[in-house]
Amino acid sequence: MSYANVSEMLANSEFLAKVEDLAKSYPEPRTALLPALHLCQAELRHVPVEFQAFIAERLGMAPAHVRGVVTFYEMYSEKQLGRYLLQVCKTLPCMLAGSEILLEHLQAKLALKPGQTSGDGRFTLITVECIACCDGGPALMVNETLHRHVTPADADRILGELE
Amino acid sequence: MAEVLKLLTRNVGKANSTNVDSYMASGGYEPLMTALHKMSPEQVLGEVKASNLKGRGGAGFPAGLKWSFLPKGKDRVKYLVCNADESEPGTFKDRLLIENDPHAILEGMILAGFATQAAGAFFYIRGEMPQGFRIFQRAVDQAYERGFLGKNILGSGFSFDVYVSRGAGAYICGEETALMNSLEGKRGEPRLKPPFPAGFGVYGQPSNINNVETYANVPLIIKNGGAWYAAIGAPSAPGPRLYGVSGHVKRPGVYELPSGVNLRELIYEHAGGILGDRPLKAVIPGGSSVPVLRADQIDVTMDPDGLKKVGTMVGSAGVIVMNDTVCMVKAMVNLMQFYAHESCGQCTPCREGTHWLKLILQRIEEGGGKPGDVDLILDVSNNIMGRTICPLGDAAAMPAIAFATQFRDEFEAHIREGRCPMAHTHMTVAV
Ligand SMILES: Cc1cc2nc3c(=O)[nH]c(=O)nc-3n(C[C@H](O)[C@H](O)[C@H](O)COP(=O)(O)O)c2cc1C
Ligand code: SF4
Ligand code: FES
Chain A
1 MSYANVSEML
11 ANSEFLAKVE
21 DLAKSYPEPR
31 TALLPALHLC
41 QAELRHVPVE
51 FQAFIAERLG
61 MAPAHVRGVV
71 TFYEMYSEKQ
81 LGRYLLQVCK
91 TLPCMLAGSE
101 ILLEHLQAKL
111 ALKPGQTSGD
121 GRFTLITVEC
131 IACCDGGPAL
141 MVNETLHRHV
151 TPADADRILG
161 ELE
Chain B
1 MAEVLKLLTR
11 NVGKANSTNV
21 DSYMASGGYE
31 PLMTALHKMS
41 PEQVLGEVKA
51 SNLKGRGGAG
61 FPAGLKWSFL
71 PKGKDRVKYL
81 VCNADESEPG
91 TFKDRLLIEN
101 DPHAILEGMI
111 LAGFATQAAG
121 AFFYIRGEMP
131 QGFRIFQRAV
141 DQAYERGFLG
151 KNILGSGFSF
161 DVYVSRGAGA
171 YICGEETALM
181 NSLEGKRGEP
191 RLKPPFPAGF
201 GVYGQPSNIN
211 NVETYANVPL
221 IIKNGGAWYA
231 AIGAPSAPGP
241 RLYGVSGHVK
251 RPGVYELPSG
261 VNLRELIYEH
271 AGGILGDRPL
281 KAVIPGGSSV
291 PVLRADQIDV
301 TMDPDGLKKV
311 GTMVGSAGVI
321 VMNDTVCMVK
331 AMVNLMQFYA
341 HESCGQCTPC
351 REGTHWLKLI
361 LQRIEEGGGK
371 PGDVDLILDV
381 SNNIMGRTIC
391 PLGDAAAMPA
401 IAFATQFRDE
411 FEAHIREGRC
421 PMAHTHMTVA
431 V
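Protein chains in written order, with the working numbering: chain A, 1 to 163; chain B, 1 to 431.
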């Protein structure tokens, strides 16, 4: 995480310049809403209401509209997620390839249920629907990195290599 | 055995295949130069119509015909959209093109823009493909540097811009009007049609949307001619096709073959046969939204006519293979959880129906099935069909009906015995 909190982020000129770039990247500024929310989610690991109000103002939308968008899409979270977001694909092709075994393993190893974040803020474990890697099932994404054909032993290695 | 093609996948696996220089080294952007300097927009459209290219996103609508629905001329600002939301369970072919050959997709988009005289295009990629997003954005930046995008492209007088945007985790945003709402910074809720995108699309402007693979075919068509393309594979839906095979096969992956390949051949020859050399039980031939087939129904061609004979569809050409260890109730629970989770909730039949299908199936799988449950599943499904704003409702109901009808005995056995008769065999690991 590069900013301590949302106020620090919103006071940072580099961050504000990135938002301005996004707002000018499309024929109409409103198209920048989803990309801007991604930016915030990546920086803070959640999208707090303070950012929602800020981006609503900048793009000329009602804060309630922005909140509706944040809550509609799976990848935005109002609660802060762990430093590593473990995304286990659970849809049919991955299930056929053993995603249940992978999920059980991760649950036991981390003592987390899907949706939970570890006490030290390191890991959030979630299940996701098909991520278009069905020939590589069971698929696991750790933040932005996709891992294919992940056995429990692979999962141990992948987690072991994280800081 | 049908020969594996290297048309759409010609650059897959090559070094630096995503770079503009290596794309150009193998003849990339030459079709665009030909079109801009030697052809009129009408001629480009004519070749695409002659090719009989059908959309690869699921519905198989003729691409040239769809382009011709846009108003002619330049009086109104028109937009194109490339649908890179790829979220249909069992579908992973667009990822291959995006991550390996972004310029082929981009060239197809620019050619389509020239043919329709559009002002620009949006590339909307699902949020869970961050690498693909960066690869495509870089391809767009390179195309601007080389003058393939922007004002007065290659001195032709034609100007065209491409904007890259990301989804954020919602299957429904693959539906064309939900995608357009998402591009406008809204919740991904489908719009009531009419008006259709050709008249009222992104920002209310006339818009055309196609799938990634559809656009990637266009440079091939302009290079080799519509007649050449129309002669490849099944005449009713010709061309090379990216078939994705997943589940219980020895070699899951994307196979580029002429459209209309035999389904048995695809599974047993190209994908190496069934995992564990076990008996085949079921195949979903075109992504999770199309009706499932039994093992005795796979001697068919993978084209609309061939699959119609066994009551199903090509869809996204994502083939999900299940061997005899799979419990059909459990497989269907998994899919109904998916649809219940992904319903946007606007229409009561879809929102409530998918939820109830999930609950009924979970109850059966857990041993609490009641006599009449299979008919209840069919009744709920039939009450979704045709009663919703967008096709997601049907996309859930069609496979539900097929599972419950094709494998009715297995559902009844669960209900009768009050347990899963296959619990001990559940799912083998394919890795
Ligand atoms: C629920 C739903 C999800 C869809 N998802 C996708 C998708 O991920 N990718 C895609 O290309 N088309 C998807 N479609 C189809 C699109 O609405 C649209 O028909 C397609 O992008 C048109 O492109 P084509 O004519 O080139 O096939 C989906 C449709 C529905 C109803
Ligand atoms: S059919 Fe389902 S997904 Fe489509 S608009 Fe209605 S509720 Fe939403
Ligand atoms: S089902 Fe897991 S990636 Fe498709």
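Hints are computed from structural coordinates only; laboratory data are not their basis.
Hints are supplied without guarantee of correctness; some may be wrong.
[Stated by the list, open to error] In silico DMTMM-like links for lysine to aspartate or glutamate, alpha-carbon gap of 25 Å or less: (1) K186/B / E100/A; (2) K79/A / E43/A; (3) K18/A / E366/B; (4) K79/A / D161/B; (5) K186/B / E50/A; (6) K24/A / E145/B; (7) K14/B / E78/A; (8) K74/B / E28/A; (9) K113/A / E366/B; (10) K186/B / D21/A; (11) K250/B / D141/B; (12) K186/B / D154/A; (13) K18/A / E184/B; (14) K250/B / D154/A; (15) K330/B / E100/A; (16) K72/B / E100/A; (17) K24/A / D141/B; (18) K24/A / E366/B; (19) K151/B / E28/A; (20) K186/B / E20/A; (21) K24/A / D161/B; (22) K186/B / E78/A; (23) K14/B / E145/B; (24) K250/B / E20/A.
Nothing here was measured: the structure is a model prediction, and the numbers come from that model.
To see whether the hints hold, each was checked on the structure:
This hinted pair does not check out: K186/B and E100/A have alpha carbons roughly 34 Å apart, beyond 25 Å. Restraint check for K79/A and E43/A: the C-alpha separation of about 13 Å stays at or below 25 Å, so the hint holds. At roughly 51 Å between alpha-carbon atoms, K18/A and E366/B are farther apart than 25 Å, so this suggested pair is violated. At most 25 Å may separate the alpha-carbon atoms for a hinted pair to count; K79/A and D161/B exceed this at roughly 37 Å.
With a C-alpha separation of about 19 Å, the suggested pairing of K186/B with E50/A holds against the 25 Å cut-off. Proposed proximity of K24/A and E145/B is supported: the alpha carbons are some 19 Å apart, at most 25 Å. At most 25 Å may separate the alpha-carbon atoms for a hinted pair to count; K14/B and E78/A exceed this at roughly 42 Å. Restraint check for K74/B and E28/A: satisfied, since their Cα atoms lie roughly 19 Å apart, inside the 25 Å limit.
Straight-line distance between C-alpha atoms of K113/A and E366/B comes to about 21 Å, which keeps the hinted pair within the 25 Å bound. Taking the CA atoms of K186/B and D21/A, the gap is near 20 Å; set against the 25 Å cutoff, the hint holds. For the hint linking K250/B to D141/B, the alpha-carbon distance of about 39 Å lies beyond 25 Å, and the restraint is violated. A threshold of 25 Å between alpha carbons decides the hint, and for K186/B with D154/A the separation of about 39 Å lies outside it, so the pair is violated.
As the CA atoms of K18/A and E184/B are separated by approximately 19 Å, the hinted pair is consistent with the 25 Å bound. Of the supplied pair hints, the one linking K250/B and D154/A holds, its CA atoms being roughly 20 Å apart against a limit of 25 Å. Our distance criterion of 25 Å between C-alpha atoms is met by K330/B and E100/A, whose separation comes to about 12 Å. For the suggested pair K72/B and E100/A, the alpha carbons sit about 53 Å apart, so the restraint of at most 25 Å is broken.
Of the supplied pair hints, the one linking K24/A and D141/B holds, its CA atoms being roughly 16 Å apart against a limit of 25 Å. Taking the CA atoms of K24/A and E366/B, the gap is about 53 Å. The hint is violated against a cut of 25 Å. The hinted pair formed by K151/B and E28/A meets the criterion: a straight-line CA distance of about 19 Å does not exceed 25 Å. At most 25 Å may separate the alpha-carbon atoms for a hinted pair to count; K186/B and E20/A meet this at roughly 19 Å.
Of the pairs offered as hints, the one joining K24/A and D161/B holds, with about 14 Å between alpha carbons and a cut-off of 25 Å not exceeded. Taking the CA atoms of K186/B and E78/A, the gap is near 17 Å; set against the 25 Å cutoff, the hint holds. Note on K14/B and E145/B: the hinted pairing holds, with a Cα-Cα distance of about 23 Å set against a maximum of 25 Å. For the given pair, K250/B sits about 50 Å from E20/A by alpha-carbon distance, which is inconsistent with the 25 Å threshold.
Of the numbered hints listed earlier, those contradicted by the structure are 1, 3, 4, 7, 11, 12, 16, 18 and 24.
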